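K.L.:
Spelled out, the chains give:
Number of protein chains: 2
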Amino acid sequence: MGKVKIGLLGMGTVGSGIWNILKTNRDEILRNCGYEVEVSRILVQNLNRKRDVDAPADLYTDDFQDILEDDEIEIVVEVMGGIEPAREYILRAMEANKHVVSANKALIASHGKEIFEKAKSKNVMFLYEASVAGGIPVLSTIRESLAGNKVEEVMGIVNGTTNYILTKMAKDGVDFDSVLKEAQDKGYAELDPTADVEGYDAAHKLTILGSLSFGANIDFSSVYREGIINITPTDIEYAKELGYAIKLLAIGKDRGGDIEMRVHPTFIPLDHPLASVGDVFNAVFLKGNAVGDLMFYGRGAGDMPTGSAVVGDIMDIVKNKDNIYYASNSVDEKTVKPMEETVCKYYIRIMVKDKPGVLGKIASKFGESNVSLSSVIQKGRKTPTVSLVFITHNSKEGNIRKAMNNILSIDEVVEIANLIRVENGVDE
Amino acid sequence: MGKVKIGLLGMGTVGSGIWNILKTNRDEILRNCGYEVEVSRILVQNLNRKRDVDAPADLYTDDFQDILEDDEIEIVVEVMGGIEPAREYILRAMEANKHVVSANKALIASHGKEIFEKAKSKNVMFLYEASVAGGIPVLSTIRESLAGNKVEEVMGIVNGTTNYILTKMAKDGVDFDSVLKEAQDKGYAELDPTADVEGYDAAHKLTILGSLSFGANIDFSSVYREGIINITPTDIEYAKELGYAIKLLAIGKDRGGDIEMRVHPTFIPLDHPLASVGDVFNAVFLKGNAVGDLMFYGRGAGDMPTGSAVVGDIMDIVKNKDNIYYASNSVDEKTVKPMEETVCKYYIRIMVKDKPGVLGKIASKFGESNVSLSSVIQKGRKTPTVSLVFITHNSKEGNIRKAMNNILSIDEVVEIANLIRVENGVDE
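The listed protein sequences correspond, in order, to chains A and B. Under the working numbering, the residues of the first sequence are numbered 1 to 428, in order. Under the working numbering, the residues of the second sequence are numbered 1 to 428, in order.
If you're looking for bench data, these hints aren't it; they were derived computationally from the structure. Since we're looking at a predicted model, the values are computed, not measured. Take these hints with a grain of salt, some might be off.
Copies of the same chain look alike in the list, so a pair counts if it works inside one copy or between any two.
Derived EDC-like pairs (lysine to aspartate or glutamate); straight-line CA-CA distance at most 20 angstroms [to be verified]:
hint: 1; residue 1: LYS287; residue 2: ASP303
hint: 2; residue 1: LYS171; residue 2: ASP271
hint: 3; residue 1: LYS168; residue 2: ASP322
hint: 4; residue 1: LYS240; residue 2: ASP271
hint: 5; residue 1: LYS171; residue 2: GLU152
hint: 6; residue 1: LYS150; residue 2: ASP27
hint: 7; residue 1: LYS379; residue 2: GLU340
hint: 8; residue 1: LYS168; residue 2: ASP271
hint: 9; residue 1: LYS361; residue 2: GLU153
hint: 10; residue 1: LYS150; residue 2: GLU36
hint: 11; residue 1: LYS23; residue 2: GLU152
hint: 12; residue 1: LYS361; residue 2: GLU333
hint: 13; residue 1: LYS365; residue 2: GLU415
hint: 14; residue 1: LYS345; residue 2: GLU152
hint: 15; residue 1: LYS118; residue 2: GLU74
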């Protein structure tokens, strides 16, 4: 049996997952790809740090050159994270004719094009399954099994931290700040939670997912992004009452013309398969023009699930290294539709002073901006200010924004408490 | 651009799906596999039958020899169904060095070994994604993306007809016969529904799924099989009350030692992702020792979804025909555990004459057979016979059967109205 040697960049959570999987599943790996896969060098910043894995001390190095110049290393696996020096190391590894596997979503979302082009020019493979939805093999499925489909829509719960927070808020009726605090205590959320709760992480993943699904180079900066910090238990209650759950969705649509790429909290019908994806789980729902509706569900993070995706990529390269392919279908520079042009339904909650005629005034402003309403809820009259809740029919975002401005000019209107987009259910 | 020619055996539902996908998604296919894929011959039984697809008349033939002897045809796609002559044609096509794609679950479940061996000996590829769960790419995912995992468990809703029936029964509270009748009227169920409602179709698919997942040659006849015809609205009501849904599950487990392979109606916790898979949808839930819990959801039948899986296989062959691989990991002849040795929880509903002491007598019989109980429901006292419902702790099937025999010997016991196995929820 031949042996394939790996240079591992980074030995954090994912790195140790990879190490443990290669060891525990040695027999399966040998059987399934016909080669023994061995980590022969590990790049770390600090050689003296104590680590939880049983890798021999002499595998560690703090000099990338040791991996780059080792001709026996055919595959470099980058799980160090961050933009630099990860980007530089990947490009140099490819320059030295090594295949590369990466789990680095921020890097691929922002510098994917450069990396894909380098891989192509050097005739090496670049795979990055672990960068989206952790252990769920969604990228390879789109690339391989759905290669005969036109993917028209992807909708993903791709950030476990925010899904945990929203699930917990819905279950216990508590507010965002308390749940975030608890998630931080449990280690589900970072001390600086910005990347998760503001939707940056989900937007990185959507950039990668959309680029592959729609065969386009999509620029990360063109993805609309909105986080979950404004979601309140009140909104979650209204959602339930109206038959919806609130999820942070990464949505991409390609129905001809400009594509849609947006990350925002979303009302999703309770009977939609995404609605019951709870806790830290991830799921990606997609529509192919042949396969119809498809959903993948699983763990989006963690040493072993993410390691599983990386090991799957390594084995893919091992099997295909004599018949390599390029894992990017990006043929077009597709344009992302400006958010103002996007059409969907909206949930809008407005705080008003409880005076006669205010509902009529607001309804008129909606009408003047070409927004038509499908439901209105008005409740309780015990407080001087009350909530008015509207669900619109399909409307252009631009018209909604105009309506919001006009509604704010009404004297009795205290504030637009929230505005959340609504997606439809599964076609039957 | 090169062209790859296909010989299509059969032009029914799936055949026309394949034809339409190859036409509609011509550009995607060319882009993703680098070849034009063309159906150049179509084998049908009756040349004079009118068909819904726009294939030119001169592609049709009723003589398999026309495809076999056409050296330009590199791939034979078998979607004719049935055992013979499908088996013979597949083997002869391989003998003539053609790659083969098949959607024929009954054939692969019963003659897979012979076909895999022929493919290997002739150095051709044999792919069969469409044979399990229609459009859902579960086989390729297990084979490729999860190749670095030991799959420990698969649980699938792999028969759309029975899932439709059970969903409808649960929703409307109606009995099996009425829903079956309605499903037949709608075309969701065959006039002879045996293969579906008795679980044969699910058992075929489980044989294929388990063989691939566990790297074993599994004999179809060793798969335990039980259908849904005994499920009543009463059982579904009790399930709901206890926090479960009833689904026909195809279950395979490989936790060391003999494997489990069984198809039967199953209580599944309402918060399990499989519980909310409704109507004709299919889903496969699996546990890998690295990736953890994973679920795939989608359409298990229909021209386009099933065609999508076949086209995915065709493209896989086109991309790999110079670097072929074998799509069967079957290395062992694993033994299936006798059903008597299987351990799980049980829901048991017993009809008894409502006399004092009967519950005590039954409970003693359970105890004598080493079956311990976790819940008991006794309801209503208006009728001479009443239902007693038990949920057991984990018990050996053999002990359960012994207990049932002993319980039947109690005078006040009228009948064992139902016995349904219970599976646990997702590990958190």
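K.L.:
Now tell me, hint by hint, if it's right for this structure.
P.N.:
Verification of the hints:
no.	hint	result
1	LYS287 <-> ASP303	between (30 angstroms within a copy, 16 angstroms between copies)
2	LYS171 <-> ASP271	both (17 angstroms within a copy, 13 angstroms between copies)
3	LYS168 <-> ASP322	neither (48 angstroms within a copy, 51 angstroms between copies)
4	LYS240 <-> ASP271	both (12 angstroms within a copy, 17 angstroms between copies)
5	LYS171 <-> GLU152	neither (33 angstroms within a copy, 31 angstroms between copies)
6	LYS150 <-> ASP27	between (37 angstroms within a copy, 9 angstroms between copies)
7	LYS379 <-> GLU340	neither (31 angstroms within a copy, 59 angstroms between copies)
8	LYS168 <-> ASP271	both (19 angstroms within a copy, 15 angstroms between copies)
9	LYS361 <-> GLU153	neither (37 angstroms within a copy, 59 angstroms between copies)
10	LYS150 <-> GLU36	between (37 angstroms within a copy, 16 angstroms between copies)
11	LYS23 <-> GLU152	between (40 angstroms within a copy, 17 angstroms between copies)
12	LYS361 <-> GLU333	neither (44 angstroms within a copy, 75 angstroms between copies)
13	LYS365 <-> GLU415	within (15 angstroms within a copy, 68 angstroms between copies)
14	LYS345 <-> GLU152	within (19 angstroms within a copy, 43 angstroms between copies)
15	LYS118 <-> GLU74	within (16 angstroms within a copy, 34 angstroms between copies)
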